[in-house]
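Peer 1: Okay, here's what each chain looks like letter by letter:
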Amino acid sequence: MAEDKVATMRDAVAELVRDGDTLAIEGFTHLISFAAGHEVIRQRRRDLTLCRLTPDVVYDQMIGAGVARKLVFSWMGNPGVGSLHAIRRRVEHHDPAPLELEEYSHFGMVGRYAAGAANLPFWPLRSYFETDLPKVNPNIRPVTSPFGGEPVFAVPPLRPDVAVVHAQRADAAGNTQIWGLTGCQKEAAFAASRVIVVVEELVASEVVRADPNRTLIPGIKVDAVVVCPRGAHPSYAQGYYDRDNRFYLEWDRISRDPEALGGWLDEWVHGTATHQEYVDKLGAERWAELTPAPALSGSVDYGDYR
Amino acid sequence: MAEDKVATMRDAVAELVRDGDTLAIEGFTHLISFAAGHEVIRQRRRDLTLCRLTPDVVYDQMIGAGVARKLVFSWMGNPGVGSLHAIRRRVEHHDPAPLELEEYSHFGMVGRYAAGAANLPFWPLRSYFETDLPKVNPNIRPVTSPFGGEPVFAVPPLRPDVAVVHAQRADAAGNTQIWGLTGCQKEAAFAASRVIVVVEELVASEVVRADPNRTLIPGIKVDAVVVCPRGAHPSYAQGYYDRDNRFYLEWDRISRDPEALGGWLDEWVHGTATHQEYVDKLGAERWAELTPAPALSGSVDYGDYR
Amino acid sequence: MSRWSKSEMLVVAGARALEGRRVCFVGIGLPNIAVALAQRTVAPDIELIYESGVYGARPARLPLSIGDPCLVTGATAAMSMVELFSHYLQGGLVDVGFLGAAQLDRYGNINTTVIGDYERPKVRLPGSGGACEIAINAREVFVLMRQSARSFVERIDFRTSPGNLGGAALRAAQGWQGLGPSVVVTDLGRYGFDPDTGEMVLLAVHPGAEVEDAKAATGWDLKVADDLQVTPDPTDTELRLIREELDPDGVYVKG
Amino acid sequence: MSRWSKSEMLVVAGARALEGRRVCFVGIGLPNIAVALAQRTVAPDIELIYESGVYGARPARLPLSIGDPCLVTGATAAMSMVELFSHYLQGGLVDVGFLGAAQLDRYGNINTTVIGDYERPKVRLPGSGGACEIAINAREVFVLMRQSARSFVERIDFRTSPGNLGGAALRAAQGWQGLGPSVVVTDLGRYGFDPDTGEMVLLAVHPGAEVEDAKAATGWDLKVADDLQVTPDPTDTELRLIREELDPDGVYVKG
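Residue numbers (the numbering used here), protein chains in the order written: chain C, 44 to 349; chain V, 44 to 349; chain B, 1250 to 1504; chain D, 1250 to 1504.
These aren't lab readings, by the way, just hints derived from the structure by calculation. It cannot be assumed that every hint is accurate.
Pairs of lysine-lysine, BS3-like flavour, derived with a Cα cap of 27 Å [unchecked claim]: (1) D/K1255 with D/K1464; (2) B/K1472 with C/K113; (3) C/K48 with C/K113; (4) B/K1464 with B/K1255; (5) B/K1371 with B/K1472; (6) V/K113 with V/K178; (7) V/K178 with D/K1371; (8) V/K113 with D/K1255; (9) C/K178 with B/K1472; (10) B/K1255 with B/K1472.
To spell it out: a stretch of chain C is covered by chain D in this simulated footprint if at least three of its residues, at any positions, have a beta carbon under 8 Å from a beta carbon of chain D; those stretches are [stated by the list, open to error]: (11) 104-115; (12) 252-264; (13) 336-347.
For the chain D half of the interface with chain V, some residues (derived, Cβ under 8 Å), not all of them [said to hold, decoys possible]: (14) G1316; (15) V1321; (16) G1376; (17) L1414; (18) A1418; (19) A1422.
Every residue gets a Cβ at the ideal spot worked out from N, C-alpha and C, and that includes glycine.
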């Protein structure tokens, strides 16, 4: 029998995320585990190094709540809306404290996770030529091809202590499937020492095994499976619910004002014991608006070979 | 309207495969385009450099037929059976002529295609340490990490003139989907200058678009789509037909004897004008034996977002 | 149709520049609506690629971000970001990379990182995202932005994405597959680059704008083409598509 | 059950060695049937990984090759070979790599490339396949092979896959995650490696074989453990599984 790794979000974060950790909650617009971010805030973790290609609203919330001392990233903004004001206050005005930044391009961050996943000492890429990025980040270095001497750039592996991946489904052993945008979640999970998978649905092992090409992360890399439907809100889960753009717009107003931000955290994070309370608080009408009509992939035949 | 790239195998090979080309017919046990190999033999191409991780029966046939001057590979055998005798005769006895070999490990070959696909001057990997492979292949070279100086090995990009990929299905524009073992077909196709996709089924564009995560190769990389059901025999197509192990066993006997090999080529390749004739010649009973029962993947929901 | 806004003109001119292009890498913001318009007018066969991991998107609504679920449903391919950046972009399949800029210099070098000093910036901008590698690896780069003396500057504060570096010959000497910026479209006009010097040249002013407006909104001594054109007015079809289909709420083109 | 063949004993001893192991990288040939037997006996939870691109295979029949379709149907994951080799093997997830060998030396260094000279070989063998990287990156390496003075040799003709190099300390000095060969199972006995010298040591002889048989089938002066064991006989269950379920036609275990 495969190990049962199902845990509550509270227990998973309590056990696996520690003060001072390097934490990656990944997902490019899609499948961002806000629920895990909120639990990290609830448990008042401190001195985290947060990694993410696109520190968006979830990291603005976490950094606004004071969990982090450093941010490793490649694009910092509220996508389609504007700025992340809690982060900007710390960077521009050291308010309430400075925030250390380590900055790459997207491909650089992707390459860092890929090098971590592949246990390579560096990842080569054709980027950064003639830019100022290597000047401000000593982790972006030239490397020369042993075939003809052509120069490219290299980034070092990124090996988070913990990676959190939200997914449509997994089995109890942590075998995880995602469809739609898969971002760099696979690389982040393989690169990490500990992995929390958060799912819309817990499914039988047979459901995963019926379509092995759809598996993104094998259970052997996973430490905890948290069943948390709608745990990606206001981000989205392809086929389950839409991105809540209204929230992204509202966040712009909230995060401009430290007091409003504190009030929001008190009400929506500290004021809810679990993500289910947060979901209920949003209300059935909001969820109805966010639910798409079906668009099925169709089935393929793997063949039964005996 | 997307371009229609559907062509006959005869036309695709005539137009896209040229004497002296570097040709990769890829597929790890699964989806090996024997039909394309046979057409290359029929059209009597010469001086090819053949690339493949596992030169198996199809390359033994092609090399036995005299189309190649060089082989780039990582494991040479008749999988589960034994040796490739036509190739061995050329290597061990220069009979009827020497065959140039360029040899890697599997990960080295995979890395070469990956570097070609990614337009990188080299691919780093933790292999080859303390082995004799770098001594006999100057294309396996050490490279030093710019982060701490750790040594790893590197292989150069492999950019075939032509890659042939057999797939379960594609649309007329060449957007191609595969399930089951995907080997290094994606990397080989992206690395190649010209790509021939050979399919079990031509499907409407909507079928591909209903499951975008299943797409392996986009039409923009594809020059010709050849509709050739059962074109992978005696290799297999997951969900369509099984590997014909009887043939692999028979090949051992055939390829041990140059005359038997010549006779087989006369009968089954030169003696058939198209792959359909070859399929018919095998007979309905053989095909019935090779047909698996269904095992469906199930469908997932992408959601209709308007 | 009613008279158009400067932003509408910017989007229309951006869309028209895509005529004949095959694969376009779509950035966040204005490029998003410009390519949607191009797909419905001058470039019906254009394949849209997004750094989020989508190739051949056919969005049923105007995507609100480059990671919108409507980009995936019905797309040709969805893939990991490592595959998108390595096989598609670095692999050389992208004809046009569409970028925005906070600051642009005369050679098309782009800053989207900071205004002011890097360590203690006056304004912390989003950073590169995929722009740095798009600028190096896409065959051509189109820049779409609102123009002012604060955005068209003599000296950018940070080089996030290389344009023509310090002149035309320099990029060629690097041996990159990307040929560099070829088109800049602003709310005032359309620009190309001098093949000899690599410097930006005003090719066309939009209706209602004058050369002097463009010069006033440029922080260096702007070169103007001898045969300066006036951009043809937005057509009724273009305006109807923007207003009724693509941006009925005026999110993109209010300005 | 009837008396067993030497090949049956080899498979049984190979299977037993997998007890307590979690993730096993399965090579072509004999390892294939040994892991299938282990999965049904001492290691029911073992996850099988194949270089063809499968993790967590649950084959419904004995696969005839490492790329058999029965390995994919019902598996946990099917993936590209680049992912398998980089994330799973090089990434450090493989506990045991199961290899065969044409020639093996006293330090467990493996030749599967050529017999004779590389440029003009007497016998051209298959080459590395994934063996070279398995030997370097799998935590442990098990070797399964038929033993003779031609296969257990003083000096291998080509080093395809590193064992303990020239001694135990040398591999550790390389800093590889792979600890090297730990088990060699042949048709005559089971071997381990001396932790100080890195040299192979006969730990157990199979029933019916004598130490002298093993020494005669070894091209160097073979070390024998002080507490030499005799491998327990194959059980009825093991033999029934091999004969009735796994290899009814005797393809693997005829010898």
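Peer 1: Hints numbered earlier in the text: which of these fail when held up against the supplied structure?
Peer 2: 2, 3, 5, 8, 9, 11, 18, 19
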